[in-house]
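> Chains as they are written, first to last, in the working numbering: chain A, 4 to 227; chain B, 145 to 364; chain C, 25 to 180.
Treat the hints with care, as some may be off.
Said to hold, decoys possible - Here are the simulated lysine-lysine pairs, DSS-like style, with alpha carbons at most 27 Å apart:
no., chain 1, residue 1, chain 2, residue 2
1, C, Lys33, C, Lys144
2, C, Lys88, A, Lys68
3, A, Lys72, A, Lys8
4, C, Lys33, C, Lys88
5, C, Lys156, C, Lys128
6, A, Lys226, A, Lys72
7, C, Lys128, C, Lys88
8, C, Lys88, C, Lys114
9, C, Lys88, C, Lys167
10, C, Lys33, A, Lys72
11, A, Lys67, C, Lys33
12, B, Lys162, C, Lys114
Hints listed in this document are in silico derivations from the structure and should not be mistaken for laboratory results.
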Amino acid sequence: MNIIKFVYILMPGSIIMTLLWAPPAAILGDTSRIIYYHVPLAWISVLAFIISGIYSGVYLLTIKKQQIKDLHEKSHISASLGLFFTILTVITGSIWAKVSWGSFWNWDPRETSIMVLLLIYISYISLHTTLSNNENQGKICASYLIIAAATVPFFVFIIPRLYPSLHPDPILNREIRIHLDSRMRLTLLCSLLSFTFLFFYLFQLRIRMHNIGRAIEEQRDEKV
Amino acid sequence: MVNELFRNITKDFSIEFKNPSTLVTSLSFAAIATISISLVSRSYQFSPFIQSILLWLIMFFAGMNSLLHIFIREVDHGNELFLKLNSSAFSVYFSKLIFNCVLFLFLQIIITPLGIAFLQFSIQSQFFFIAIIMCGGFAISGTTTVLSAIVARSGGRGSLFTIISFPVLLPVLWVAISSTEKALGQSGFWDSESLVFLLAFSGMIIALSFLLIRFIWLDE
Amino acid sequence: MRILAKVIKPSSGGVVYFDGQNEIDEDLIIHAIGFLSPHVEPYGELTLHENIRFVLRTDMAEDKIGEHLHYFGLFNHRNSPVSHLSTGLKQRLKYLLAVINEPKVLLFDEPGSNLDAPGKDLVYSYINSLKKDRIIIVATNVKEEERLCGEVLSLG
Numbered sequence: 004m005n006i007i008k009f010v011y012i013l014m015p016g017s018i019i020m021t022l023l024w025a026p027p028a029a030i031l032g033d034t035s036r037i038i039y040y041h042v043p044l045a046w047i048s049v050l051a052f053i054i055s056g057i058y059s060g061v062y063l064l065t066i067k068k069q070q071i072k073d074l075h076e077k078s079h080i081s082a083s084l085g086l087f088f089t090i091l092t093v094i095t096g097s098i099w100a101k102v103s104w105g106s107f108w109n110w111d112p113r114e115t116s117i118m119v120l121l122l123i124y125i126s127y128i129s130l131h132t133t134l135s136n137n138e139n140q141g142k143i144c145a146s147y148l149i150i151a152a153a154t155v156p157f158f159v160f161i162i163p164r165l166y167p168s169l170h171p172d173p174i175l176n177r178e179i180r181i182h183l184d185s186r187m188r189l190t191l192l193c194s195l196l197s198f199t200f201l202f203f204y205l206f207q208l209r210i211r212m213h214n215i216g217r218a219i220e221e222q223r224d225e226k227v
Numbered sequence: 145m146v147n148e149l150f151r152n153i154t155k156d157f158s159i160e161f162k163n164p165s166t167l168v169t170s171l172s173f174a175a176i177a178t179i180s181i182s183l184v185s186r187s188y189q190f191s192p193f194i195q196s197i198l199l200w201l202i203m204f205f206a207g208m209n210s211l212l213h214i215f216i217r218e219v220d221h222g223n224e225l226f227l228k229l230n231s232s233a234f235s236v237y238f239s240k241l242i243f244n245c246v247l248f249l250f251l252q253i254i255i256t257p258l259g260i261a262f263l264q265f266s267i268q269s270q271f272f273f274i275a276i277i278m279c280g281g282f283a284i285s286g287t288t289t290v291l292s293a294i295v296a297r298s299g300g301r302g303s304l305f306t307i308i309s310f311p312v313l314l315p316v317l318w319v320a321i322s323s324t325e326k327a328l329g330q331s332g333f334w335d336s337e338s339l340v341f342l343l344a345f346s347g348m349i350i351a352l353s354f355l356l357i358r359f360i361w362l363d364e
Numbered sequence: 025m026r027i028l029a030k031v032i033k034p035s036s037g038g039v040v041y042f043d044g045q046n047e048i049d050e051d052l053i054i055h056a057i058g059f060l061s062p063h064v065e066p067y068g069e070l071t072l073h074e075n076i077r078f079v080l081r082t083d084m085a086e087d088k089i090g091e092h093l094h095y096f097g098l099f100n101h102r103n104s105p106v107s108h109l110s111t112g113l114k115q116r117l118k119y120l121l122a123v124i125n126e127p128k129v130l131l132f133d134e135p136g137s138n139l140d141a142p143g144k145d146l147v148y149s150y151i152n153s154l155k156k157d158r159i160i161i162v163a164t165n166v167k168e169e170e171r172l173c174g175e176v177l178s179l180g
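Isolated chain A (complex conformation) (with noise of 0.2 Å):
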C-alpha cells in the first residue's frame, strides 16, 4: 500500500485540529492559527530545495553510468513544486507580519532568507527554460542548483545569528526546544507530517504524468 496516500486522512485532520482543537495564542489571538500552516510551508519549500539538490548531486555523480533514471526530470519537478510552496510561504508570511507587526513586509533576515530561496526557484526555472531544446540542460540546471543549495546555510543559518530578527524564537533554537503550549505543538507537529505528506503526494503526481507524457512520445515515434 502507498503511505502517501495517508495524505487523505492526515490533510483533513490536521486542518480540523488547527482550526478546531489548537488553542488560540495569548495576545495574537486566532490569528495566530496562521502559524501551522506558515511553518510547515516554510518547511517544505526548504525540503523541496534540499530534495531537487539531491537529485541533481545524485544525476551528477551517476551521470556516465546512467543507473538511475530521471534524475533531472526528480529535480525538477521538486524545484517547481517548491517555487509553489514557496510562494504559499510568502504570502502567508505577509498575512502574518501584517497582522502581528504591522506591515506586510519588514525584510527581517527571515522573511529575507525565504525570499532569496524562491528567488534561486525563479532563477532556476528561467535557466531551466532557457536550456529547453538543449541536450545539456539536465547538467547545467544540476550544476546550478547545487551552487545555489550551497549558498542557503549562509543565508538560513549565518546571517540570521549575524543580524537581530523581527521573527519569534526559531522552532530550532539554542535551547532545542519548541516554546508553545503542548496543545499548539501537537497541532503543528501534525500539520508539519500532513504538509509532508502532501508534498510527497504531489511529487508522485508530478512523476506519474511525466512518465505518462513520455509513454504518449513513445508511441506517437513509434507509430511515424
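We have chain A already, so just place chains B and C on it with the hints.
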C-alpha cells in the same frame, strides 16, 4: 597543468589588452552612474548607509557586463571547440577566475575614488574598508565566473546572467553593504566575522565550481 | 569526428582509446589527439605566433616554430592577427596547430576545404609523410582525399 594554466592566463589577458572594449564599457558605466547621481543629487551628503548601497550597486552592475564576457567571448567568437581541444576544464575555469578577480579589483580601484570625489565618501576606517572591498570583490568575481560559464553554455545573455547571479550573490551584497556602511561611518571599526563570512563564501563557491566545471563546460 | 575527438558524447555507444593493451585515461586523451575541422577556430585577436604558443604543451625553440611556419608558408604572417588572414592561410594555420604537439592520433575533417591547389598539394604530402607512425582519420566528400587513406568506410 601549471603550464596549461599559465598559457590560458596569458591568452585571456592578451586578448583583453588587444580589445579592451568590455572593460571600457564597464568603466564608462561606472563613471556615468556616479556622475549622474552626483549631478541629480547636487552633491548631497548621503548617509554612510546610502553611500555604501550606491558604491556596491555601481560596482555590481558595472561588473556584470565584464564578468560575463570572459566565457561568452569564447562562444560568440567560435573559439569554444578550439579551447576545449587545447585546455582542460579546470585550467579554463581557473584562468578565467584569476582574470575576473583582477578585472573586478581594477574596477573597484577606479570606482572607489570616483565615489570619494563625486559622492563625498568619507572613509572613517580605512583598513577595514580596503579589506571589505577586496573580500567582497573576491566573493563577487569568484561566484560570477562559474555562473558566466553556465550562461555561455545556455546561449543566454546579460539578463539571464543577472537573474541567476542576483540570488546567489545576495548574501555577499548584504554583508558587504552592511560592513562598508560601518567602515564609512565609524572610526577604528573592525569586524572579522564579516570578512570571514565573505572569504568562507568565496572558498565554498570556488571549491564547488572546481568540482562542477567539467559538467558545465564539457559535452561529455 | 567530434565524438572521436572526445568533445561531444554520442547518443549511444562510446569511443575508447588504447595504447597497446592499456586504455588511455579520458583526461589524457586531449594530449594524444590533433583535430582539424571547419568548427575549430583559433583566436582571431591573437597573432599566429601567439596562437601557436597557446597550443604548445612543451617548450619549443623559436627556430623550431619557425620551421613549422615556413613549411606551411605562414612565416611572413607570424605576427599578424589571425582575423587578418585569408581562409586559405587560416586553414594552413589550423593544420599547423593540429600537428605541432606531434599527437599520435590526427583527425582531419574536410582537410582540403578552403585551400587552393598548391595548398592542397602541401597538406596532402604532409599527411602522407605522417601516415607511417600516426593514426590518421579523414572525413571527406572529396574522392581524391580518399587516396590519402589505407582504408575507406562509406557512411550513408
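> None of the hints should be skipped; say for each whether it holds.
Comparing the hints with the structure gives:
1. Lys33/C to Lys144/C: violated (31 Å)
2. Lys88/C to Lys68/A: violated (44 Å)
3. Lys72/A to Lys8/A: Roughly 24 Å separates the two Cα atoms, so the pair holds.
4. Lys33/C to Lys88/C: This hinted pair is violated, its Cα atoms lying about 36 Å apart.
5. Lys156/C to Lys128/C: Holds, at about 11 Å.
6. Lys226/A to Lys72/A: holds (24 Å)
7. Lys128/C to Lys88/C: The given pair, whose Cα atoms are some 19 Å apart, holds under the 27 Å limit.
8. Lys88/C to Lys114/C: holds (20 Å)
9. Lys88/C to Lys167/C: Status violated; Cα separation ~34 Å.
10. Lys33/C to Lys72/A: Within the cut-off at roughly 18 Å; holds.
11. Lys67/A to Lys33/C: holds (10 Å)
12. Lys162/B to Lys114/C: holds (20 Å)
The structure fails to meet hints 1, 2, 4 and 9 from the earlier list, while all remaining hints are met.
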